Structure formats: C-alpha cells, structure tokens
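A.B. asks: Listed below, chain by chain, are the residues.
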Amino acid sequence: DAGITQSPRHKVTETGTPVTLRCHQTENHRYMYWYRQDPGHGLRLIHYSYGVKDTDKGEVSDGYSVSRSKTEDFLLTLESATSSQTSVYFCAISESKGGYQPQHFGDGTRLSIL
Amino acid sequence: DQQVKQNSPSLSVQEGRISILNCDYTNSMFDYFLWYKKYPAEGPTFLISISSIKDKNEDGRFTVFLNKSAKHLSLHIVPSQPGDSAVYFCAASARDDKIIFGKGTRLHILP
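If you're matching them up, the sequences are chains A and P in order.
Counted from 1, the first sequence has number 29 at position 29 by this note's numbering; the numbering is strictly sequential.
Counted from 1, the second sequence has number 90 at position 90 by this note's numbering; the numbering is strictly sequential.
Think of the hints as simulated: they come from the structure by calculation, not from any bench.
All values reported here derive from a predicted model rather than from experimental measurement.
Ideal Cβ placement from N, Cα and C applies to all residues, glycine included.
A few of these clues could be false.
[Claimed, not checked] Okay, derived cross-link-like pairs now, EDC-like style, lysine to aspartate or glutamate, Cα gap no bigger than 20 Å in a straight line: (1) P:Lys98 with A:Glu79; (2) P:Lys98 with A:Glu95; (3) P:Lys5 with A:Asp38; (4) A:Lys97 with A:Glu27; (5) A:Lys97 with P:Asp31; (6) A:Lys11 with P:Glu42; (7) P:Lys98 with A:Asp62; (8) A:Lys57 with P:Asp96.
[Unchecked claim] If you anchor each label on the Cβ, the simulated ranges turn out as follows: (9) P:Lys54 with A:Thr82: 23 to 29 Å; (10) A:Thr82 with P:Asp97: 26 to 32 Å; (11) A:Glu59 with P:Lys68: 43 to 49 Å; (12) A:Asp56 with P:Thr45: 24 to 30 Å; (13) P:Val78 with A:Ser112: 20 to 26 Å; (14) P:Asp97 with A:Glu79: 26 to 32 Å; (15) P:Val78 with A:Thr17: 47 to 53 Å; (16) A:Glu79 with P:Gln3: 39 to 45 Å; (17) A:Asp107 with P:Pro82: 30 to 36 Å.
If we strip away everything but chain A, and leave its shape as in the complex, we get (with noise of 0.2 Å):
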C-alpha cells in the first residue's frame, strides 16, 4: 500500500470556524491532490500540487485553499467551513500528471459541519 495518512480521520465542527486537513507521503511523489466525495457527484477535484509552493485549483476549488511546503506534506484548509463543505475528503499522490501512473489514495477524512 502507498503510504498516505490524512489526519484527522473524523472531525465534527461548527458553521465559521476554520478547519485545516493534512495529508502525509512517504512516497516522495511529486504530485498530490484533495478530493471530495459527495453521493452523486463521485469524486470531484478541489486542489492539487506539482511541488513544493506549486499549486493550482481543481474543479470545487471555492472556499478552499492548500499549501505544501514539504515534498511530504499537503494541507487542505477551509477558512470559513459551511455545511455544503460537510463530505468525506480524500488525498491522492502520483509520480505523474496523467492517468499512466494511477493516483494512490488516502483512506479518507469524514469532515461534518454543523
């Protein structure tokens, strides 16, 4: 199994209060990505990383922002939660951009915005 740890697992907050979520790699790819799984929708790209400082918006990007300042590291934020942002998000790395390398995914964080 890739090593991927996102934390929290589960998370319960209030309406307004910031809410940062962390995935980790041991796998030293390059590229990594948050996604959000919702019934319905399947899974939708919010944000994802090149390298280091690079980051670019996916298709649900509003009200999100990331950070990577280490290869290891990528941090989904949500400054100002809202209910509709209540989803189970997960983290990917590749070793590529395209689908020739498969993305490895994180086993999830369920985030519940009251």
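Once you have looked at the hints, place chain P on chain A.
C.D. replies: Just chain P now, kept in the frame of chain A:
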C-alpha cells in the same frame, strides 16, 4: 458538463456470474482510462487501466474493454465474488492532464 459518465448507480449480480460495469466519455482527447474500486470507509484503490492504443486489457478476473468510436469502456469481472461488492469508479485523462472521475457504480454480489 460530465466528461465521464457512469449511468448505472447500482448493479446486482449473482455470485459466480459476470459483472459488467459501463462507462461513457465525451472528451475525444482522453487517452488513458482507469478503474478504481472503493470499499466503505476506505480510499479508492486502483484496479486496472487501458491506453487508447489498445482495445482490451486483462488482469486476472478483470478485463477492461475500450471502444473509442463509441467513446465507451466497460469493466468485466468474471467470475464475480462476494469481495467484489464495492463502488467502482471509471476515470479518464488526456495527455498529462488531470484525471476525471465518474460518479461511480455500486456493485452488489448476491449469494
């Protein structure tokens, strides 16, 4: 606009029979296709992939077929086993671009 479509939200198949999961895509620039499997409370795991230069790829019980003219791919699982009960995501990418996922199909293997 959905570029990768899995039109069947769920599918039930008898144990031992063939499971066929379907996926359609709209972007003719896609050149690599993947299937992922997901169990509850776990992350998706890569299952099998196929390049656009092929029309079939096999790995044990799993075979993916690609029909480029119809922009359609399918995943065949033979024979289906109880452990195959999961959500299956179809995904595609175009030349070093991001992977786009479908909404998933929940497969139930019946005893």
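A.B. asks: Does the Cβ distance between Lys54 (chain P) and Thr82 (chain A) fall inside 23 to 29 Å?
C.D. replies: violated, 44 Å
A.B. asks: Are the Cα positions of Lys57 (chain A) and Asp96 (chain P) separated by 20 Å at most?
C.D. replies: At roughly 16 Å apart (the allowed maximum being 20 Å), Asp96 (chain P) and Lys57 (chain A) satisfy the hint.
A.B. asks: Can the suggested window of 26 to 32 Å be confirmed for the beta-carbon pair Thr82 (chain A) and Asp97 (chain P)?
C.D. replies: At roughly 29 Å between Cβ atoms, Asp97 (chain P) and Thr82 (chain A) fall inside 26 to 32 Å, so the hint holds.
A.B. asks: Could one say that the CB atoms of Glu59 (chain A) and Lys68 (chain P) fall in the range 43 to 49 Å?
C.D. replies: This hint is violated: roughly 25 Å between Cβ atoms.
A.B. asks: Is 39 to 45 Å a correct range for the gap between the Cβ atoms of Glu79 (chain A) and Gln3 (chain P)?
C.D. replies: About 29 Å separates the Cβ atoms of Glu79 (chain A) and Gln3 (chain P), which means 39 to 45 Å is violated.
A.B. asks: Is 24 to 30 Å a correct range for the gap between the Cβ atoms of Asp56 (chain A) and Thr45 (chain P)?
C.D. replies: Holds: the Cβ-Cβ distance is about 25 Å, inside 24 to 30 Å.
A.B. asks: Are the Cα atoms of Lys98 (chain P) and Glu95 (chain A) separated by 20 Å or less?
C.D. replies: It holds: about 13 Å lies between the C-alpha atoms, which stays within 20 Å.
A.B. asks: Note whether the CB distance of Asp107 (chain A) and Pro82 (chain P) lies within 30 to 36 Å or breaks it.
C.D. replies: violated, 22 Å
A.B. asks: Keeping to a limit of 20 Å between CA atoms, is the pair of Lys97 (chain A) and Glu27 (chain A) held or broken?
C.D. replies: With a Cα-Cα distance of about 15 Å, the restraint between Lys97 (chain A) and Glu27 (chain A) holds, given a limit of 20 Å.
A.B. asks: Checking one constraint from the list: CA of Lys98 (chain P) to CA of Asp62 (chain A), max 20 Å. Satisfied?
C.D. replies: Holds, at roughly 18 Å.
A.B. asks: Go ahead and decide if the range 20 to 26 Å is satisfied by the Cβ distance of Val78 (chain P) to Ser112 (chain A).
C.D. replies: Cβ of Val78 (chain P) to Cβ of Ser112 (chain A): about 40 Å, so the range 20 to 26 Å is violated.
A.B. asks: Run the distance test for Lys11 (chain A) versus Glu42 (chain P): straight-line Cα separation, threshold 20 Å.
C.D. replies: Answer holds: Lys11 (chain A) to Glu42 (chain P) is near 16 Å, not above 20 Å.
In summary, the numbered hints that this structure violates are 1, 9, 11, 13, 16 and 17.
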